[in-house]
Amino acid sequence: MDLLLKIWRQKNSTEKGGVQNYRIKNIEPDMSFLEMLDVLNQQLINEGDDPIAFDHDCREGICGSCSLVINGAPHGPDKGTTTCQLHMRKFKSGDTIYIEPFRSSSFPVIKDLVVDRSAFDRIQQAGGYVSINTSGNTVDANATPIPKPDADEAFKSAACIGCGACVAACKNSSAMLFVGAKVSQYAHLPQGKVERKERVINMVEQMDKEGFGSCTNTGACEAHCPKDISLDNIMRLNQEYLKSKIL
Amino acid sequence: MKPNDKKFPIPSRVPDGNIQNKWEKHKGTIRLVSPANKRNIDVIVVGTGLAGASASATLAELGYNVKTFCFQDSPRRAHSIAAQGGINAAKNYQGDGDSNYRLFYDTIKGGDYRSREANVYRLAEVSANIIDQCVAQGVPFARDYGGLLDNRSFGGVLVSRTFYAKGQTGQQLLLGAYSALNRQINRGKVKMYSRHEMMELVVVEGKARGIITRNLVNGEIERHGAHAVVIASGGYGNVFYLSTNAMGSNVTANWKIYKKGAFFANPCFTQIHPTCIPVSGEHQSKLTLMSESLRNDGRIWVPKHKKDVEKIRKKELKPTEIAEQDRDYYLERRYPAFGNLVPRDVASRAAKERCDAGYGVNQTGQAVYLDFASAIYRYGKEKATSTGQDTKNKKLIKKLGKEVIKAKYGNLFQMYEKIVDENPYETPMQIFPAVHYTMGGVWVDYNLMTSIPGCFTIGEANFSDHGANRLGASALMQGLADGYFVLPYTIGDYLADDIKTGQIDTNTKDFEEAENNVREFISNILSNDSGNSVDYYHKKLGKIMWNKCGMSRNEKDLKKAIEEIRNLRKDFYKNVFVPGEPNNYNEELAKAGRVADFLELGELFAIDALERQESCGGHFREEHQTPEGEALRNDAEYTFVSCWEFQGKDKKPLLHKEKLIFDSIELKSRSYK
Ligand SMILES: Cc1cc2nc3c(=O)[nH]c(=O)nc-3n(C[C@H](O)[C@H](O)[C@H](O)COP(=O)(O)OP(=O)(O)OC[C@H]3O[C@@H](n4cnc5c(N)ncnc54)[C@H](O)[C@@H]3O)c2cc1C
Ligand code: SF4
Ligand code: FES
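Chains as they are written, first to last, in this note's numbering: chain A, 1 to 247; chain B, 1001 to 1673.
Keep in mind that the hints are not guaranteed to be accurate.
Unchecked claim - Calculated cross-link-like contacts (lysine to any residue; reagent style SDA-like; alpha-carbon spacing at most 25 Å): (1) A:Lys90 / B:Lys1315; (2) A:Lys6 / B:Ala1636; (3) B:Lys1260 / B:Ser1280; (4) B:Lys1570 / A:Asn133; (5) B:Lys1191 / A:Lys11; (6) A:Lys79 / B:Lys1509; (7) B:Lys1191 / B:Glu1222; (8) A:Lys148 / B:Tyr1489; (9) B:Lys1381 / B:Ser1160; (10) B:Lys1207 / B:Tyr1489; (11) A:Lys11 / A:Ile70; (12) B:Lys1509 / B:Tyr1489; (13) A:Lys148 / B:Gly1095; (14) B:Lys1189 / A:Asn133; (15) A:Lys92 / B:Gln1284; (16) B:Lys1574 / B:Phe1646; (17) B:Lys1418 / A:Lys148; (18) B:Lys1189 / A:Arg196.
Just so you know, the hints here were simulated from the structure itself, not pulled from any lab data.
Note that the structure is predicted; figures quoted are calculated from it, not measured.
Working from the sequences, and respecting the hints, build out all of it.
See the structure below:
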């Protein structure tokens, strides 16, 4: 298939960026979206140009590196799919595709489509852990049975890959889904109970400090989350936050 | 090349005594650093996968000042995140007769008797503790209805000892280690450097004292000093270009320390994983694993008759239309005792054998089936029985069975469907072997120290525990064992000499020289204004490696490979074109550095494969096989670790042999029949 790509180019964080047009031919439907960009980049290199920078690593939908807003949608048109798992069979010859970086003032552009998501790491550093030593001197793993439904719920929240699509999808740039997922994971597990109060307060405080907006319940985050993290996680975050403020 | 028979130059530091007591005794006798003194000692850790993240967190918790590096934008994205199937531990929760000894035995046998006994026993010994640790951190492992931890089976063993979190075990374990790391970053004990690439090791008076890095955002070349350097940079499977590894996985950190004197051990020991999604075309950038856990329930087959193969390839026949008696479940046929759960090397070769014989089931002839129909039926029937539903209703049974399979492997099935555009609940998966893991790596002693004092290597980057073939679910175990429970103790033995050293000065000749090396490489590689892209060379190298150093190897091809790689390397330095600037984000430049190192490693890989004139584990030399086509070891001459020492650019490396001594296990030929 032949495509017209309209791609955001920006030299670095300080210079202004803009959209540029690229024509690309003979794309096979079995290619992944990123492989299509690989083909374009080889073309650019062969012409002596600077290739388009984008983040990626595992190309299996699990590391959370890849991003991109494709035709207005973070991670593109497929539900529950990261950009690296999107395949060209979802497009047809003659299509025009707009490709832009994840937008948020808390995710400044580094180059082209690469953004700085270190704010997410700093939120996790503020409290996304259980404070136990790593010496291995803990109780036997089966000493505390955990009801399967709780374990399954914790797992569902823990499936977040930290990609930031929720922020990019939200008109307020809210990070509540991401933070809610971590807080919920621990809230469902006995191991997380001890620090539940400090955890939620510290993480929310850091989230605000990083400049993420507040949640107005539009649900865009859930709709674009590649791991189907549900809005329940935001509800639980609110509950945990309220509880820790009152108690 | 004639092997060098000099005595092995460095002690392996394996403690004396009974294998069961070695580690306890060692821990009790090695030197320690007091908590007050730890505060004066800096440690660099390169890598934030399971090995690097767990080591950084634990070292910091013990009191050392840690600087940690990764090339991704966040430590949480290290390649360990992609591990799917599970992690082994000798917990014996299933009461099926598991024990430390059995895990040890399985791992040694699985590795085809080419790993170091004492290290493997220690790994088995600490394995149970890993699970306790991870659960305490809030890792959500799969549980049964009683709320206890669930297990599954992996290849090459007859017990169920694999802990898992759906098909996302690596993700959950890494997020656990990442959380421990975050806690230490928050305490100020770890300074994290993301988007930084280690480009050189600095050796001062024979000791590792620092590294040179490139900041991948702004291109700055930085000096970092420390009293010890720990490399946890993962495996080098990407020397094949196509592999299941993440795109950025590379050998650079390991290669730089090799060139500064660390021995590289068994570089040719590579794992080709039997169940991956087949290559679909020239544009392919990586291969996707379908976890070994699927072989718990999937059955592998090809058609029995060539006429069916023809029709399948022409799409005139569907696999589901081939009757049971016309299918060849070749693993069950050849290996009745282990069936579909033979180790990976055996399963991969068997798939290659069928495809070479003309039974491959896709257009390229390079695919076999992995079929879940009988498991869906079996689970469905079980479910219908246990819930008192109609066990004769075929549709219902299929529906119930699919639900069970979905709960176990849902994400893998979804991944398959996205890539291949076929529904694996309805039609068998097509799979083929692909490069997956490297058992070879930098040589380390029992303390995990390389042959450069003060430079340590952990996780997939070292060589020690998996011999010539790794069993499934044991890499995650090793990464966390090294990082949480082994290195933090053993590093003290070395650092005890450094309590009075004081901070490492980076304003010295040695740092300057190392930095200049890096700058010189960068300006050289950027000098062309046109030419071939980095990927062009990487793909070419990958083809040489796959065709001549892949699943089966012979003298003629290996010699040819060495020559071709040398020529390709020359061409690379002459004609590679790297666009962009040195002082900006420049992925082509980062890739160029990695591919330059792969182009050197590839040669050593082939030299090593040529030198080892036996077949063992994943290393299959066509000249050495049994009449049935099984690997034929040569214990009399090759029961050793091949350790290569760098001798200078374009010079033949020197081979040292660490003899492997088996006191607790009898060397046998491996049989899974
Ligand atoms: C698809 C897949 C599935 C797998 N499934 C399983 C499984 O189910 N069970 C199992 O036991 N094993 C599995 N494995 C193997 C296992 O995941 C790996 O062996 C293991 O995770 C390696 O961990 P590590 O910590 O050694 O290295 P990695 O996780 O690879 O981490 C390497 C780190 O080093 C950093 N790094 C590398 N080079 C540099 C440099 N030059 N400068 C700075 N930083 C650098 C990277 O940024 C990264 O942080 C799987 C592997 C793959 C590919
Ligand atoms: S909640 Fe979803 S969209 Fe947000 S970071 Fe996690 S996986 Fe990405
Ligand atoms: S590249 Fe890892 S999730 Fe897309």
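Evaluated hints:
no.: 1; hint: A:Lys90 / B:Lys1315; in the structure: holds, 23 Å
no.: 2; hint: A:Lys6 / B:Ala1636; in the structure: violated, 64 Å
no.: 3; hint: B:Lys1260 / B:Ser1280; in the structure: violated, 40 Å
no.: 4; hint: B:Lys1570 / A:Asn133; in the structure: violated, 51 Å
no.: 5; hint: B:Lys1191 / A:Lys11; in the structure: violated, 28 Å
no.: 6; hint: A:Lys79 / B:Lys1509; in the structure: violated, 56 Å
no.: 7; hint: B:Lys1191 / B:Glu1222; in the structure: holds, 15 Å
no.: 8; hint: A:Lys148 / B:Tyr1489; in the structure: violated, 36 Å
no.: 9; hint: B:Lys1381 / B:Ser1160; in the structure: holds, 23 Å
no.: 10; hint: B:Lys1207 / B:Tyr1489; in the structure: holds, 19 Å
no.: 11; hint: A:Lys11 / A:Ile70; in the structure: holds, 20 Å
no.: 12; hint: B:Lys1509 / B:Tyr1489; in the structure: violated, 32 Å
no.: 13; hint: A:Lys148 / B:Gly1095; in the structure: holds, 21 Å
no.: 14; hint: B:Lys1189 / A:Asn133; in the structure: holds, 14 Å
no.: 15; hint: A:Lys92 / B:Gln1284; in the structure: holds, 20 Å
no.: 16; hint: B:Lys1574 / B:Phe1646; in the structure: holds, 24 Å
no.: 17; hint: B:Lys1418 / A:Lys148; in the structure: violated, 29 Å
no.: 18; hint: B:Lys1189 / A:Arg196; in the structure: holds, 23 Å
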